[in-house]
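Number of protein chains: 2
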Amino acid sequence: MNNLSSAEKKATLESITIDCVIFGFKAGNLEVLLVRHGEGISKDKWGLPGGWIYKTESTDDAANRLLLELTGIKDIYLEQLRAFSDPDRFPLSRVITIGYYALIKEEDYDLKAGATAAEVAWFKVSQVKDLIYDHAQILEIGLKRLRRRIKQEPIGFNLLPQKFTLLQLMHLYEEILGKEMDKPNFRRKILKMNLLTPLNEKEKDVSHRAAKLYQFNPETYQQLLEKGFNFEF
Amino acid sequence: MNNLSSAEKKATLESITIDCVIFGFKAGNLEVLLVRHGEGISKDKWGLPGGWIYKTESTDDAANRLLLELTGIKDIYLEQLRAFSDPDRFPLSRVITIGYYALIKEEDYDLKAGATAAEVAWFKVSQVKDLIYDHAQILEIGLKRLRRRIKQEPIGFNLLPQKFTLLQLMHLYEEILGKEMDKPNFRRKILKMNLLTPLNEKEKDVSHRAAKLYQFNPETYQQLLEKGFNFEF
DNA sequence: TTCCTTATAGTTTATTTGACTACAAGTATA
DNA sequence: TATACTTGTAGTCAAATAAACTATAAGGAA
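Chains as they are written, first to last, in full-length UniProt numbering: chain A, 1 to 233; chain B, 1 to 233.
In case anyone wonders, no lab produced these hints; they're calculated from the structure. If you're wondering where the values come from, they're calculated on a predicted model, not measured in any experiment.
Put simply, identical chains are the same to the list, so a pair is met inside one copy or across any two.
List time: in silico BS3-like cross-link candidates among lysine-lysine, alpha-carbon distance up to 30 Å:
#1 Lys43 - Lys55
#2 Lys192 - Lys151
#3 Lys45 - Lys105
Starting from the given sequences, assemble the full structure and let the hints guide the process.
Given below as C-alpha cells:
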C-alpha cells in the first residue's frame with residue numbers, strides 16, 4: 001500500500017473511527033481532555049478527541065495523528081480500549097469506533113485546538129457531562145480500565161510531575177480508586193518495591209514540614225512488569 | 001434502523017470483520033476451535049471462526065451469529081479482545097478485525113461445520129500452526145488475556161465439566177499458566193474462597209483413591225467479582 | 001514559646017504464603 | 001492376604017504481608 005498520491009493517502013475508511021480518552025491529573029483531581037467540535041453534526045458540542053482513519057494507517061497511528069491534529073499533543077503512549085459498536089451509536093450512519101486511552105502529565109503538553117476543533121480543554125472527570133454520541137460510555141470504560149490498571153501496573157507515575165512526594169502519589173491513588181488510604185502503610189509498601197528513587201531535594205514553599213521528593217525509576221518498573229505485581233493498597 | 005428488507009439486513013460493513021478465539025479444555029490440554037474455510041481466498045486453510053458484520057447488528061451480535069453459522073455453537077459468553085488493524089493484515093483490501101474470545105466446555109457443544117466452512121475442529125493450542133492472515137497473533141493475544149483473566153477471575157470453571165475434582169481444576173491452572181503447583185496449598189486456597197460446593201459424590205472408574213467432586217458456586221462468584229480477588233497460586 | 005500540620009518511623013496482631021510432612025483410601029500385584 | 005503404589009486430604013511451621021495503630025520529628029505560623 002505504498003506509492004499513493006496525497007489524496008489517496010487521505011482517503012478514510014467508511015464505517016470506523018477512533019476516539020481517545022486522555023487522562024491528566026492536576027491539583028488532586030483526575031481530569032480528561034475534551035474538544036469542542038468546530039464542524040460537522042456535533043459542532044459546538046464537547047466530546048472526546050477522535051475522527052476518521054486513513055486507509056493506509058493502523059488504528060494506533062490514526063489515534064496518534066488525530067490527537068495531534070485536534071489537540072496539539074504528540075508522542076504519547078496510547079493503549080486501545082476496545083471497539084464500541086452499537087448500531088445506533090452514531091446518528092448519521094453505521095459507524096464503529098475504537099477507543100484509545102492514555103495518561104499524561106498535563107504540564108508537559110501545550111494544548112492547541114487544531115483545524116477542526118473549536119476548543120480543547122481539561123475537565124475534571126467527576127464533573128463531565130453531556131458528551132456527544134456514546135462518548136460518556138467510552139469515558140466510563142476508560143476510567144474502569146484505568147482503575148484496574150493502576151492496581152497492577154505503576155502507571156500512575158505518568159500523571160504526576162517528574163518529582164513528587166509520597167503523599168502526592170497516595171492522593172493520586174485515592175482519587176482514582178476512590179478510597180482513603182493509610183499513610184504509613186502506603187509509604188512502606190511503595191518504598192519496598194524499589195520503584196522510587198529518593199532525591200536529595202525537598203518540597204518548597206509549603207507551610208509545614210517539607211516532604212522528600214522522589215522520582216520514578218523506570219528500570220525497576222521493567223522488572224516489575226515482567227514478573228507481575230500487585231498494587232492493591 | 002428497523003423496517004429493512006431481508007436483503008438490506010444482510011448488507012455487511014465494508015472494512016470490518018470479526019474473529020473468535022474459542023478455548024476449550026480436554027484431557028489436560030488447552031484447545032482452540034478452528035475452521036477450515038470452504039470458500040474465498042482462504043479456502044482450505046485453517047483459521048479462527050469469523051466473518052463480516054451486518055450493518056444492523058452490534059459486533060457482539062455478529063460474533064455470536066458467525067460462531068453459530070460456522071461451528072454450530074450458540075449462546076456462549078463472548079468477550080471482546082480488541083481491534084487488529086495492521087493495514088496489510090488482509091491481502092485483498094483494508095480490513096480491520098475485532099477479536100472476541102470465550103471459554104467453553106467442549107462436551108456441551110456439538111460441532112457442525114456451517115455453509116461456508118468445510119470443517120470445524122479443536123486443536124491443542126500448543127500445536128496450532130499456519131493460521132491464515134494474522135490469526136496467529138489474535139490467538140496469542142487471546143491466550144495472554146486468558147492467562148491474565150484466570151488469575152483474577154474464576155473463569156477457569158467454564159472449561160471444566162459440571163462436576164470436577166480439585167486436581168482437575170489445578171491441572172487446568174497448571175496448563176494455562178504453564179507452571180506446576182503444590183496440591184495441598186492449592187486446595188487450601190481455593191476452598192477458603194467458598195467458591196466450590198462439595199458434592200456427596202466421588203470420581204468413578206479411577207484406579208486409585210477416588211477424589212471428591214465439586215461444583216462451581218455462582219453466588220459466591222458474584223460476590224467475589226464485586227469485591228475483587230486474586231487467584232495467583 | 002506554643003500550637004498546628006504534615007512527614008516519617010516503628011509496633012502489634014492477624015492473616016497469608018510456601019515448602020513441607022504425614023497419613024488415609026483406594027487399586028494393583030505378588 | 002499382604003504389600004506396594006498411587007492419589008487424595010489434613011496438618012505443621014517459618015517467613016512474609018497486611019491492617020490498624022502509636023509515636024515522634026520537622027518545620028511554619030500565631
